[in-house]
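Q: Each chain, letter by letter, is given below.
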Amino acid sequence: MSFREKSAWISLLSVLIPFGYYFTALGRSLHSGQGPQRYFFLLLVACVIGQVAIQIALHVVAAVQAPKDAQAAKDERERLIELKSTRIAFYVLVVGVLMVAGSTHLGAGKILMANGILLALVMAELVRYSGQIVYFRRGC
Amino acid sequence: MSGSEGQLPIRNTIRRLRFEHKEMTQAELAERIGMTRQTVAAIEQGKYSPSLEAAFRIARVFGVPLESVFQWADEAAR
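These protein sequence lines are chains D and P, in that order. For the first sequence, counting from 1, position 62 maps to 62 in this note's numbering; every step adds exactly one. For the second sequence, counting from 1, position 67 maps to 67 in this note's numbering; every step adds exactly one.
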């Protein structure tokens, strides 16, 4: 597995683990009728810190295993893979943002909408990194 | 430029040319053309079509014309 593919896996996990926990906790809270509380703002900050920490730690491990690959510039296939997966992720983001905008008419509050936009961003990132992994696996 | 679905209509002789050039490894070829070993493997397996510039660089490494490295699949089968 190339360093870039490892990097895509690391990025995927670094988004999936903390934000998966965040949205699961938020969903449970909403389901129980409590609604977003101040606790979730602190949890969000912790998730961002967790994401950065996972990214740094695992990328350092991957770079130590293959220092030459880690320092090498991206080649044309790797750049193409990034572009293709980013294009798909863009559509996910657009759909997510439109759905959040539409939720205004359903009486969603600003905190709920902010979380909706965050969810759209997270989903787009997950699709982007998943797309990269699929393209790396397929060759391109 | 890439083959988005399955095998591309272009075949190549990179594998044979590597063996004819002192069994050059994919990593060696990759280094000489400024690409990753995985990209060379993808080109060799017909999963990725390189840019024109990269194709010319590959041909130059082997000292052969471009059409000796890449051919249309139907022409290569003849």
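Everything labelled a hint here was simulated from the structure, so no lab data went into it. Incorrect hints may have been included.
The list that follows gives simulated cross-link-like pairs (lysine-lysine, DSS-like), each with its CA atoms no further than 25 Å apart [unchecked claim]:
1. D:K84 x P:K22
2. D:K74 x D:K84
3. P:K47 x D:K110
To give an idea of the interface, some chain D residues facing chain P are shown, with a C-beta separation under 10 Å as derived from the structure [claimed, not checked]:
4. Y39
5. D69
6. E125
From a predicted model like this one, the values you see are computed outputs, not experimental measurements. Don't be surprised by glycine CBs; every beta carbon is placed ideally from N, CA and C.
Q: How about D:E125: closest beta carbon in chain P under 10 Å, or not?
A: 23 Å, violated
Q: Hint check: P:K47 vs D:K110, CA-CA at most 25 Å. Holds or violated?
A: 47 Å, violated
Q: Please verify whether D:K84 and P:K22 have alpha carbons no more than 25 Å apart.
A: 37 Å, violated
Q: Given the hinted pair D:K74 and D:K84, is their alpha-carbon gap at most 25 Å?
A: Since the Cα atoms of D:K74 and D:K84 sit roughly 15 Å apart, the hinted pair holds (cutoff 25 Å).
Q: How about D:D69: closest beta carbon in chain P under 10 Å, or not?
A: 7 Å, holds
Q: Can we keep the D:Y39 interface hint, with Cβ of chain P closer than 10 Å?
A: 44 Å, violated
Hint check: violations occur at hints 1, 3, 4 and 6; the rest are consistent with the structure.
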